[in-house]
Amino acid sequence: MVVGTVLERNVDSGAHEGMAHAGVVLRDVGHAFGRNRVLDGVDLAVGAGVFGLLGPNGAGKTTLLRALATVLKPSHGSIHLLGRDPLKNEDLRQIRRRLGYLPQQFGYYPNFTVFEFIEYFALLKEMPPGRVKAAVALAIERVGLEDRAKSRMKSLSGGMLRRVGIAQAIVNEPELLLLDEPTVGLDPEQRVLFRALLREVAGRSTVFVSTHLVEDVAAACNEVTIMEEGRIVFRGLPVDLTALGEGTGDGVSGDSAIERGYGSVLASARKR
Amino acid sequence: MSTQDRIPFDPDVTEAEMHQLDVDLNGVWSGVIGEIWSTSASRVERLATSILRSPALARALVTTPSLILSWILASAAVFAIGAFVANATEMPIVPLLAPAVAGVAVAFAYGAGADPTYEISRTMPTSARMILLLRVSVVFLTNAILGITASLAVPSLAEVTWLWLLPMVAISLLGLATAVVSHSATIGGGAALAVWSAIVLANEIRADEFGRAVSGATLELLAPMYLLMMIVSLCLIAWMSGDGSKRRELAGWL
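Residue numbers (the working numbering), protein chains in the order written: chain A, 5 to 276; chain B, 3 to 256.
Hints are supplied without guarantee of correctness; some may be wrong.
[As the list claims (entries may be wrong)] Covered, in the sense of this in silico footprint (three residues per stretch, anywhere, with C-beta under 8 Å from a C-beta of chain B), are these stretches of chain A:
| # | stretch |
| --- | --- |
| 1 | 98-104 |
| 2 | 110-120 |
| 3 | 124-136 |
| 4 | 201-213 |
[Stated by the list, open to error] To give a feel for the contact side, a few chain B residues facing chain A, derived at Cβ under 8 Å:
| # | residue |
| --- | --- |
| 5 | Leu27 |
| 6 | Gly29 |
| 7 | Gly36 |
| 8 | Glu37 |
| 9 | Trp39 |
| 10 | Ser42 |
| 11 | Ser44 |
| 12 | Pro57 |
| 13 | Ala58 |
| 14 | Thr65 |
| 15 | Pro67 |
| 16 | Gly115 |
| 17 | Glu121 |
| 18 | Thr125 |
| 19 | Pro127 |
No wet-lab data here; the hints were simulated from the structure. Backbone N, C-alpha and C fix where the C-beta goes; we use that ideal spot for every residue, glycine too.
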């Protein structure tokens with residue numbers, strides 16, 4: 005089967021490349037909420053670059069990101085982040101100093117200004133106090149919110165709030181950046197700017213982006229991972245996913261080849 | 003400065019030559035902009051920073067859900083009304099209220115369900131346990147001061163001014179432990195209210211006397227129970243609140 009061949013080749017080559025500069029190494033990671041198994045034997049090894057996470061609702065993308073963000077301790081398996089073990093207290097602290105995370109549900113303090121809000125997390129990330137203000141200003145500029153830096157958070161639109169969320173995630177120049185649905189509420193122009201920001205960050209960091217927007221993955225990601233029912237069912241390049249979608253029949257939905265490729269991977273995974 | 007004193011700008015300086023300068027101009031610019039955009043910390047935050055010697059902890063303290071101004075004003079109002087009623091009726095309203103108010107406030111010092119940035123805060127290197135300890139201490143102290151102030155305003159109840167501090171500590175720790183275990187400030191606050199209400203009602207039924215739960219004799223009788231409550235709660239909090247603890251995520255079961 006074409007899908008199976010693509011899966012096998014890309015998982016092997018991706019894992020080999022990932023181990024050389026492993027920012028993130030997961031071995032047989034699993035997690036359950038009660039009887040609901042949300043992660044099921046996830047193996048992954050990646051280095052620097054942008055890695056897109058795709059999958060239907062309930063596939064385990066958010067749970068995986070929460071595990072990588074050290075919010076959640078998996079039921080079994082091992083995780084190593086930036087060469088360290090998050091189960092050790094001192095390693096955990098070092099990882100978190102180099103981590104940036106934007107959760108799917110982004111909460112904020114309504115009466116904080118944009119600057120104050122990002123500054124708060126810069127302080128909690130234990131950045132040197134003398135560097136905080138400059139770093140916050142740079143983060144605000146990078147997400148294009150210079151004219152709203154002194155605005156109260158409650159006065160911002162949904163897209164602006166999302167950009168503030170991205171800014172707090174990148175303020176400490178993280179080596180591991182985890183973004184869960186970062187483009188929700190962003191207009192097309194802002195999404196283009198966001199992809200440029202990702203490419204800029206990817207040179208020196210490991211970036212995971214969970215999204216439902218396949219075109220974001222195609223435009224900005226070095227690799228694509230598709231999850232279904234807690235397992236990785238595809239890992240490869242966006243062009244490989246596009247190739248799977250070209251020439252597919254009427255049975256697979258999608259307006260573009262990459263969307264059809266995504267659909268065919270899921271369809272194949274569900275048949276097993 | 004006069005026109006002659008100004009350093010003339012050389013329009014022929016190229017960008018490459020600018021890059022060769024031994025100065026990170028972008029960094030300098032960001033620093034300047036950062037100073038312009040930043041706002042002065044409040045007096046409370048500045049005081050906290052000087053005491054704690056940590057701007058991060060100070061900011062974490064002023065963002066405690068149960069330390070925001072509206073919460074403190076509401077607690078003060080409850081105690082004020084209690085003192086007014088106590089003066090009018092000579093019933094021990096303030097000692098009865100204090101453990102409940104403090105229990106709920108302390109439970110809400112724990113972020114889950116109350117702090118909108120709780121999810122992000124859990125990924126921070128600044129110790130979650132340290133932040134929790136700081137928040138709980140200040141919340142409890144704030145409520146203790148409010149309670150003692152209200153008690154002192156009721157001369158007839160001077161003898162019980164200090165007695166209710168023991169159940170107040172126990173109920174507060176119980177509320178916090180429940181919040182930490184259940185991962186929900188609301189459940190913790192509810193547990194504190196429920197347990198204290200049960201203690202008050204049980205003693206009223208037993209002795210057929212309003213406010214019996216905060217009488218000297220009852221507090222002496224219940225002191226071992228309160229101490230046990232405090233020890234168990236502290237153990238649970240210590241075990242479940244650490245970053246490296248072995249606790250499992252319970253949120254999916256609730």
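Cross-check of the supplied hints:
no. : hint    : in the structure
1   : 98-104  : holds (count 4)
2   : 110-120 : holds (count 7)
3   : 124-136 : holds (count 8)
4   : 201-213 : violated (count 0)
5   : Leu27   : violated (12 Å)
6   : Gly29   : holds (6 Å)
7   : Gly36   : holds (3 Å)
8   : Glu37   : holds (6 Å)
9   : Trp39   : holds (4 Å)
10  : Ser42   : violated (10 Å)
11  : Ser44   : violated (10 Å)
12  : Pro57   : holds (5 Å)
13  : Ala58   : holds (4 Å)
14  : Thr65   : holds (6 Å)
15  : Pro67   : violated (10 Å)
16  : Gly115  : violated (11 Å)
17  : Glu121  : holds (4 Å)
18  : Thr125  : holds (5 Å)
19  : Pro127  : holds (4 Å)
Comparing the model with each earlier hint shows violations of hints 4, 5, 10, 11, 15 and 16; every other hint is respected.
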